[in-house]
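Participant: Please work from the sequences and hints to get the whole structure.
If you read the sequences in order, they're chains R and H.
Position 153 of the first sequence, counting from 1, maps to 153 under this note's numbering, and the rest follow consecutively.
Position 107 of the second sequence, counting from 1, maps to 107 under this note's numbering, and the rest follow consecutively.
Hints are not guaranteed to be accurate.
[Unchecked claim] For each label pair, taking beta carbons as the anchor points, the in silico distance ranges come out as: (1) H:L53 <-> R:R205: 16 to 26 Å; (2) H:Y237 <-> R:L343: 48 to 58 Å; (3) R:F83 <-> H:E299: 23 to 33 Å; (4) R:E276 <-> H:A274: 30 to 40 Å; (5) R:T150 <-> H:K81: 41 to 51 Å; (6) H:G236 <-> R:R352: 50 to 60 Å.
Hints listed in this document are in silico derivations from the structure and should not be mistaken for laboratory results.
Heads up, the beta-carbon is just placed ideally off N, CA and C, and yes, glycines get one too.
2 protein chains.
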Amino acid sequence: MSVTAAKGFTAAGIAAGIKDSGNPDLALVVNNGPRLAAAGVFTSNRVKAAPVLWSEQVVKGGRISAVVLNSGGANACTGPKGFQDAHATAEKAAEVLEGHSAGEIAIASTGLIGITLPMDKLLPGIEKAAGELSEHGGEKAAIAIKTTDTVHKTAVAGGDGWTVGGMAKGAGMLAPGLATMLVVLTTDADVDADVLDTALRDATRQTFDRVDSDGCMSTNDTVLLLASGASQVTPGYDEFAAAVRTVCDDLARQLIGDAEGASKDIRIEVVNAATEDDAVEVGRSIARNNLLKCAIHGEDPNWGRVLSAIGTTRAAFEPDELNVAINGIWVCRNGSVGDDRDLVDMRYREVRITADLAAGSESAVIWANDLTADYVHENSAYSS
Amino acid sequence: MSVTAAKGFTAAGIAAGIKDSGNPDLALVVNNGPRLAAAGVFTSNRVKAAPVLWSEQVVKGGRISAVVLNSGGANACTGPKGFQDAHATAEKAAEVLEGHSAGEIAIASTGLIGITLPMDKLLPGIEKAAGELSEHGGEKAAIAIKTTDTVHKTAVAGGDGWTVGGMAKGAGMLAPGLATMLVVLTTDADVDADVLDTALRDATRQTFDRVDSDGCMSTNDTVLLLASGASQVTPGYDEFAAAVRTVCDDLARQLIGDAEGASKDIRIEVVNAATEDDAVEVGRSIARNNLLKCAIHGEDPNWGRVLSAIGTTRAAFEPDELNVAINGIWVCRNGSVGDDRDLVDMRYREVRITADLAAGSESAVIWANDLTADYVHENSAYSS
Chain R
1 MSVTAAKGFT AAGIAAGIKD SGNPDLALVV NNGPRLAAAG VFTSNRVKAA
51 PVLWSEQVVK GGRISAVVLN SGGANACTGP KGFQDAHATA EKAAEVLEGH
101 SAGEIAIAST GLIGITLPMD KLLPGIEKAA GELSEHGGEK AAIAIKTTDT
151 VHKTAVAGGD GWTVGGMAKG AGMLAPGLAT MLVVLTTDAD VDADVLDTAL
201 RDATRQTFDR VDSDGCMSTN DTVLLLASGA SQVTPGYDEF AAAVRTVCDD
251 LARQLIGDAE GASKDIRIEV VNAATEDDAV EVGRSIARNN LLKCAIHGED
301 PNWGRVLSAI GTTRAAFEPD ELNVAINGIW VCRNGSVGDD RDLVDMRYRE
351 VRITADLAAG SESAVIWAND LTADYVHENS AYSS
Chain H
1 MSVTAAKGFT AAGIAAGIKD SGNPDLALVV NNGPRLAAAG VFTSNRVKAA
51 PVLWSEQVVK GGRISAVVLN SGGANACTGP KGFQDAHATA EKAAEVLEGH
101 SAGEIAIAST GLIGITLPMD KLLPGIEKAA GELSEHGGEK AAIAIKTTDT
151 VHKTAVAGGD GWTVGGMAKG AGMLAPGLAT MLVVLTTDAD VDADVLDTAL
201 RDATRQTFDR VDSDGCMSTN DTVLLLASGA SQVTPGYDEF AAAVRTVCDD
251 LARQLIGDAE GASKDIRIEV VNAATEDDAV EVGRSIARNN LLKCAIHGED
301 PNWGRVLSAI GTTRAAFEPD ELNVAINGIW VCRNGSVGDD RDLVDMRYRE
351 VRITADLAAG SESAVIWAND LTADYVHENS AYSS
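Facilitator: If you want it as structure tokens, here you go:
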């Protein structure tokens, strides 16, 4: 599974000593070809970590031969030294891996913001990881990128003779424009960088970009898609894009399920919107409403807070035509009291909110989490 | 103090039985003239409560002779019946108060959303309140509009021979575009409705609109300013506007200080912005960042989360020129590590964040609260 499910890739995950805990903190993913096509999507936060600035440049060439990922430090807000460190990391990987060029090696980091990485541990770690590269190393790589994640996250999909696999890290700061989220996807399909780019942007727009755990957009979000061409199969675009989207969707759902301190996963479906943009705007507004997130935590089907959130958007709707269902019960009809709220069963982790704008035929799904005392505790103690 | 500090006004606050607890829940404020000038500012939420829809119409005429306010029910998302109830409330007040017209009586409600008001209790309550109207009734009126407020909120300012006084209710759902916030201001200055409107909009823009306790905008926010002309003094505009702003600022600060479940009041000052709009946008983004709000609760001077919030805005800035101070210590300089974060003393309730955009000379102050387990508890149990 993970990034070594597709042929042509090797990976490793090791403990380099970046984390004081001694847990795995360095992952290496290598594309052994024959093709080295790649695409990437990065945080839209204007305060970007050094590895993001580095990898954005690498991806522009359409080729990535290897990815070095570390947990235990985000290398964000670290000034010129941070960028030098990202560069030195790529140089070291190029040196250790035969026949690689630093300009084709992507870097991704996650962890505390505002502290520089311990390069005296990271650089030897790359050498150690290179020595452990394996076609079965995907799981270990996925484990090495965890921070507050309780589980490592992998997914796989594919077609006749070809595969798309991936790993993700993320458990908080999840918001549109991506998240404190590192994702590496690999495929052995024989496709070029342009196809990868189109398929990846299409998939992230409808998956990772619609995950909004806590409204906080990070400085480090990175999603990379690497193709080795090792299957020698070139699938049709639609089939390939669907597989990429399936893997992204699966990983995005796992991120929400592992969000820091959450007790509920909230699936917000906005239907009958005039445009898809309207549906997304309304979904995000609902997803970010702290009062509603608290109510869901308390298993209170508080549709008034849903309406209040819808009312802050610019979407097309009439207040007295809005309908809201919670777990299938239409508790709000025509902007007013609907079916008996006592019929709503909210005991399970997944809560479904349906907001009917009665303004068209477009729809979108946004995933969010509830707001809990555990979230407050985790994030008032963890300095990131 | 409160709404009866200015000459020409009487008020009352009584228990009408709208609240099951038996606490005061109905307030009446009457302008006895000679002038009946008025202005109002309402929630920008597109889902507006019935009393907001009613009072917006009343204010258009530039005259308000009385205001009926109730706690214990927001009369929001209540359909045509809700609007009929608001209308009936005004009719009843006009009938009870001699020489008044329903079209000049404003209504304001706060409490649970999605349930209709108990008119069999509210209407007799208006009669009872009218019987208790007094020039000293301002405090009782301020007490009767409380919901989860722990204290009632009043303020006063003025000039030579004239006064501006006011009361406010609000303890959560506070966000730009106003809040679950009812405010009635009165003045005995002899000024017309246009002056009141200009002064009120100017004041709310820089006070209530810059209070962002939890990012949630309500359906019921109402700020009214009534002038009786009873002082027979017409102050200069600047002096009058300054007094209105002083009272609004005082009340806004009290709202933040009493926000549900908060343990810190956060004063966010954005300086050296290219425009005032940039400063406000950045301030709001910082104010709404849940991860930062948790960090402040944990007394963690986590400037990385401030930078991350700034990075999501469209404001003019360069990431490597940003500076951030927390309680006077410049923990971030030039987008990277600054002075020692251990120097930051965060023991006190008020926390000051200064964000220097290094892009101009404009500034703005936004007030927010921290995010606490108590906030989660209060809002997962309280169905509103």
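Participant: Now tell me, hint by hint, if it's right for this structure.
Facilitator: Do the hints match the structure? See the list:
A C-beta distance of roughly 38 Å is found between L53 of chain H and R205 of chain R, which places it outside the suggested range of 16 to 26 Å. Between Y237 of chain H and L343 of chain R the Cβ separation comes to about 57 Å, which falls inside the hinted range of 48 to 58 Å. For the pair F83 of chain R and E299 of chain H, the supplied restraint of 23 to 33 Å holds, since their beta-carbon distance comes to about 32 Å. Under the hint 30 to 40 Å, the C-beta atoms of E276 of chain R and A274 of chain H, about 33 Å apart, fit the expected range.
In this structure the hint that T150 of chain R and K81 of chain H lie 41 to 51 Å apart at CB holds, the actual value being about 48 Å. Distance hint check for G236 of chain H and R352 of chain R: the Cβ-Cβ separation is about 59 Å, which falls inside the suggested range of 50 to 60 Å.
Taken one by one, the earlier hints fail for this structure only at number 1.
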